[in-house]
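Chemist: Sequence:
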Amino acid sequence: MRPDWWSKSLGGVILGFTLAVALSGVFAWAGPGGAQALNKYQFNMWMLAPIWLGIVSFCFLFRSGRDCWTWLGGANLAAYAALYVCRALFR
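Just so you know, the sequence shown maps onto residues 945 to 1035 in our numbering.
Derived from the structure by calculation, the hints contain no laboratory data. This list has only true hints and no planted wrong ones.
Label-pair ranges, simulated between beta-carbon atoms:
1) M991 x R1035: 17 to 27 angstroms
2) I958 x Y1028: 13 to 23 angstroms
3) L992 x R1035: 19 to 29 angstroms
4) W949 x A1032: 34 to 44 angstroms
5) R1035 x D948: 40 to 50 angstroms
6) L982 x F1004: 32 to 42 angstroms
7) M991 x I958: 11 to 21 angstroms
8) L1033 x P947: 39 to 49 angstroms
9) A993 x F1034: 16 to 26 angstroms
Predicted model, so just to flag it, every value in this text is computed and none were measured. Beta carbons are placed, not taken as given, at the ideal position from N, Cα and C, and that holds for glycine.
Make a model of the complete structure from these sequences and hints.
Modeler: The following block contains the structure:
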């Protein structure tokens, strides 16, 4: 086992959660019916866990912990920028 599995695990758990929250928010604002659609809050709540677990599962495919943190950090920046744009456009 490689010594950087701790950094990959923490990157997947921490940055994976924030990425899952951002992706769920983007779907809530830009998805069908907008943010006010019936039962959309419930769907987004249940959608969060599979996205997060998928990200945590795939974080071990990175070559190093640094790559994991870099790519997931960049994905977080892009997802939160998309969330900001969606909230501004779909009010």
